[in-house]
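Q: Between the sequences and the hints, there should be enough to build the whole structure, so can you do that?
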Amino acid sequence: MPPDTLEFEEPIAMLLKEIEAISMLPQTPERQRSVEALTRRIDLIREEIYRGLTPWQRVLVARHPARPNVLDYVNRLFVDFTEISGDRRFADDHAIITGFARYHGQPVLVVGHHKGSVDTKQKIFRNFGYAKPEGYRKAMRAMKLAEKFSRPVIAFIDTPAAYPGIESEERGISEAIALNLREMAALDTPIIVVVHGEGGSGGALGLAVGDTILMHEFAIYSVIPPEGCAATRHGRSRRRKR
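Going by the numbering used here, the residue at position 231 of the sequence shown is 1158; the numbering climbs one at a time, nothing skipped.
These are computed hints drawn from the structure, not numbers from a lab.
Ideal placement from N, C-alpha and C gives every residue a C-beta, glycine not left out.
It cannot be assumed that every hint is accurate.
Claimed, not checked - Derived DSBU-like pairs: lysine-lysine, alpha-carbon spacing no greater than 30 Å straight-line:
#, residue 1, residue 2
1, Lys1048, Lys944
2, Lys1071, Lys1050
3, Lys1050, Lys944
Said to hold, decoys possible - Quick list of the computed label-pair ranges, beta carbon to beta carbon:
#, residue 1, residue 2, range
4, Asp1046, Leu965, 42 to 50 Å
5, Arg967, His1031, 30 to 38 Å
6, Phe1055, Ile946, 30 to 38 Å
7, Lys1050, Ile946, 26 to 34 Å
8, Leu1106, Glu945, 49 to 57 Å
9, Leu1106, Arg967, 46 to 54 Å
10, Pro992, Ser1149, 28 to 36 Å
A: So, in C-alpha cells, the structure goes:
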C-alpha cells in the first residue's frame, strides 16, 4: 500500500495504484477521464469508510504520519511568526513550538506540540511529540509574555503523552504540568485550544486549559493513551486472578 495509506484504507490504496499506473502513460483525453472517474470513486469509498470507523481506527487516523503538524498550520494561517526558544532553566524542548505571530492582523501567541514530519530524523529531533518539563516551562514563559502584551494564545494539541523517561521525572514533569494547569486557568488573556491530532493524557492537558476548546472530527482527546489504559487494565486483571 502507499506509505500514507492506513490498513483499513486498502480499497483506496488499490485505486491510487491504478491512478499512478495510468499517470505514467502518455496523457490522452480517455486516460484523463479514467483518472477523474477513479478519483470520484475514491471519494465515495473514503466517505463510506470514514462514516463507520471503529474507535481504534479513529486512533490510527489521529496518529496518521502525514497529518498536518503545528508548523503546517503556522505556515498556512499565520504571518510574521517569530519562534521563542528555551525555558531559561535547562534547555529548548523541540517537542513544543511557541512563538509570536499575526492572525488576520491580530498579534497572537502560537504554542503547540510537534511530533515531527514524515522524515524519521525529524521525528527523533522532535522526540515524537513527547514533551519534557522544559517544554512546558518554555510554553508557560511564552504565555506569560502574551499576557503581558495582551496577546491571545492559540494552542495546538497533538501528543501521545508527556515524555515518561527518567530524566523527565528527575526534572519535575508532574510539577511542570501542574503549574501550567494552574497558571493557564488564571491567565489574563484569551486562550483558544485546538486538538487537531492526538490529545493524550497530561501531556496534552499541560497546554490545553483554555476559554474555548475546538477539536477536529477525526482527532482524539483522552485521559490516557489507549495502550496505557490497556496495560493498566491487563495488569489489574492479572492481579485479581492471583
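Q: It remains to establish, for every hint, whether it holds in the given structure.
A: For each hint, the structure was consulted:
1. Lys1048 <-> Lys944: With a Cα-Cα distance of about 28 Å, the restraint between lysine 1048 and lysine 944 holds, given a limit of 30 Å.
2. Lys1071 <-> Lys1050: With Cα atoms ~28 Å apart, lysine 1071 and lysine 1050 stay inside 30 Å; holds.
3. Lys1050 <-> Lys944: The hint holds at about 27 Å.
4. Asp1046 <-> Leu965: 42 to 50 Å: 29 Å, violated
5. Arg967 <-> His1031: 30 to 38 Å: Taking Cβ atoms as reference, arginine 967 and histidine 1031 lie about 35 Å apart, which means the hint holds.
6. Phe1055 <-> Ile946: 30 to 38 Å: Since phenylalanine 1055 and isoleucine 946 have Cβ atoms about 32 Å apart, the given range 30 to 38 Å holds.
7. Lys1050 <-> Ile946: 26 to 34 Å: At roughly 28 Å between Cβ atoms, isoleucine 946 and lysine 1050 fall inside 26 to 34 Å, so the hint holds.
8. Leu1106 <-> Glu945: 49 to 57 Å: Distance hint for leucine 1106, glutamate 945 holds at roughly 54 Å.
9. Leu1106 <-> Arg967: 46 to 54 Å: Hint holds: Cβ distance 52 Å, inside 46 to 54 Å.
10. Pro992 <-> Ser1149: 28 to 36 Å: 20 Å, violated
When the structure is compared with the earlier hints, violations turn up for hints 4 and 10 and for no others.
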